[in-house]
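S.K.: Sequences listed follow chains A and B, in order.
Letter 63 of the first sequence, counting from 1, is numbered 63 in our numbering, and no numbers are missing.
Letter 117 of the second sequence, counting from 1, is numbered 117 in our numbering, and no numbers are missing.
Hints were generated in silico from the structure; no laboratory data involved.
Errors might be hidden in some of the hints.
Cross-link-like lysine to any residue pairs, in silico, SDA-like; alpha carbons within 20 Å at most [stated by the list, open to error]:
1) 163/B <-> 153/A
2) 32/A <-> 98/A
3) 205/B <-> 165/A
4) 78/B <-> 42/B
5) 163/B <-> 183/A
6) 205/B <-> 183/A
7) 229/A <-> 197/B
8) 205/B <-> 146/A
9) 205/B <-> 87/A
10) 218/B <-> 230/B
11) 229/A <-> 200/B
12) 205/B <-> 258/B
13) 73/A <-> 87/A
14) 87/A <-> 114/A
15) 229/A <-> 163/B
16) 114/A <-> 193/A
17) 46/A <-> 71/A
18) 72/A <-> 35/A
19) 229/A <-> 196/B
Footprint (simulated), chain B over chain A, 3 or more residues, beta carbon under 8 Å [stated by the list, open to error]:
20) 38-44
21) 56-63
We put the beta carbon where it would ideally sit given N, CA and C, even for glycine.
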Amino acid sequence: MSKPAQRASAVDRPESFQLKGGLFPMTLLELKSTDLGAIQAELTEKVAQSPAFFTQSPIVFGLDQLSDAEQKKLDLATLCDLCRELKLLPTAIRGGTPEQTGASLRLGLAVLPKGRRTAETTAAEPTEAPQPAAPSAASPTRIITTPIRSGQQIYARGGDLIVMAAVSAGAEVLADGNIHVYGALRGRALAGIQGDQNARIFCSSQEAELVAVAGQFMVDEMLRANHWKEAVQIHLVDGKIQISLLPKQN
Amino acid sequence: MAKIIVVTSGKGGVGKTTTSAAISTGLALRGHKTAVIDFDIGLRNLDLIMNCERRVVYDFVNVINGEATLKQALIKDKRSENLFILPASQTRDKDALSKEGVEQVLKELADMGFEYIICDSPAGIEHGAFMALYFADEAVVVANPEVSSVRDSDRILGILQSKSRKAELGENVVEHLLITRYDPHRVARGEMLGVADVEEILATKLLGVIPECQSVLKASNQGVPVIHDPESKAGKAYADAVARLLGEQVEHRFLMPEHKSLFQRLFRRSA
């Protein structure tokens, strides 16, 4: 049982680094005009309101709102310069014409795909929200309130998975982060599937078919001998799966 | 507005058709205009259980293909005034069902004033079963108290809540769990899953428990839905289930082993 686990980890995980997917909040500067003078004036004022929030914060230029003709006029290099003067870090553009895409790559900026819900983002942008913990930086935690049935597979990409019901035998739950099951875990649960060794699995009743953390796994026979039908957490200790009881609540 | 109820299970042989016949008959006996559709194209059975196989002229597939009208295909039940049967085709296969065709038939039935449309699903999770459950408002999931049946029911519940039209609209199909072939004696001996176990695994509201009963096989062979036999345990249990489906509060029965009286024991021994 431990052999395939070792083999899988040797192939999947290079020694010198670890590749992980991540979702990070970035500020989107959605342009409605190409008038750099106006942008500079208004942006300076905005930054002055909450310098702590804006200092060294990565900025994505949203070009979706601009017509092709306007995009042609836009001087991306100068825009980058004026942002840097305000201690902002231009990082990427979104939704540009092929010319702007080229210019952006020459300036060392990444090119992000067009926003899907333009209407919604435009509505959300103009709100005065100098709070750094802007709720628009959507929480990557996925919450499921219904039972996860045999044959279903639920994956929380880039974050945690919380299941407020049972996970049936023959079902599979996966997360890049932790997995919480407030019910019986009867199926398979795989946490930290991008290689996060600190990921954990929590469940109210451990009746799993298989559990895995960062590629290390444990199957049925072992699970039956380890706190079967008890509230447990499952995590890695020295690279090995460890199942321990959750602290009792009173 | 017609209520569409699918009777499904995933696994075969657990009593879907028996249940479809009993529930549709029960609803009709309670005065509701009810249609029951056999979705098991190619393996039609419902007409046998309802004893109308000799009266089948046109079937579900004929209606979908426009070869007959719905009125021509519907068979009026001889025993209950308000019940109509739409039989399956025996000579075709399940691919003959199209989503548009099924939707059209269901809509026509609703327009004809049917209050309940019972869809008797084939076993499996393939096209036929999918067509039977896709338009459902409610589902009666039939399970035997054994692990493979419970597992398959779990699978079908997952499909109901992810692939049905209700799910696509972001709504829920109302789930009902019906446990059939329940033998309290075998449960007591630990040979069979108990009601509580099945209920817990499937996390679904219990509609009824139909005890293992000689009357079911007899009823199928005679072509009289078992609910017409008010003396039998299965008949009573199905009548209770129909009452619960109509929103009534009815105590569950036949869950515990019966203790035979001294008389019965003596009688059994001497017989």
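S.K.: Next step is simple, just say for each hint if it's right about the structure.
M.R.: Hints versus structure:
no. : hint            : result
1   : 163/B <-> 153/A : holds (14 Å)
2   : 32/A <-> 98/A   : holds (19 Å)
3   : 205/B <-> 165/A : holds (15 Å)
4   : 78/B <-> 42/B   : violated (24 Å)
5   : 163/B <-> 183/A : violated (24 Å)
6   : 205/B <-> 183/A : holds (17 Å)
7   : 229/A <-> 197/B : holds (14 Å)
8   : 205/B <-> 146/A : holds (14 Å)
9   : 205/B <-> 87/A  : violated (59 Å)
10  : 218/B <-> 230/B : holds (14 Å)
11  : 229/A <-> 200/B : holds (14 Å)
12  : 205/B <-> 258/B : violated (25 Å)
13  : 73/A <-> 87/A   : violated (24 Å)
14  : 87/A <-> 114/A  : violated (26 Å)
15  : 229/A <-> 163/B : violated (31 Å)
16  : 114/A <-> 193/A : violated (28 Å)
17  : 46/A <-> 71/A   : violated (23 Å)
18  : 72/A <-> 35/A   : holds (12 Å)
19  : 229/A <-> 196/B : holds (16 Å)
20  : 38-44           : violated (count 0)
21  : 56-63           : violated (count 0)
In this structure, the earlier hints numbered 4, 5, 9, 12, 13, 14, 15, 16, 17, 20, 21 are contradicted, and the remaining ones agree with it.
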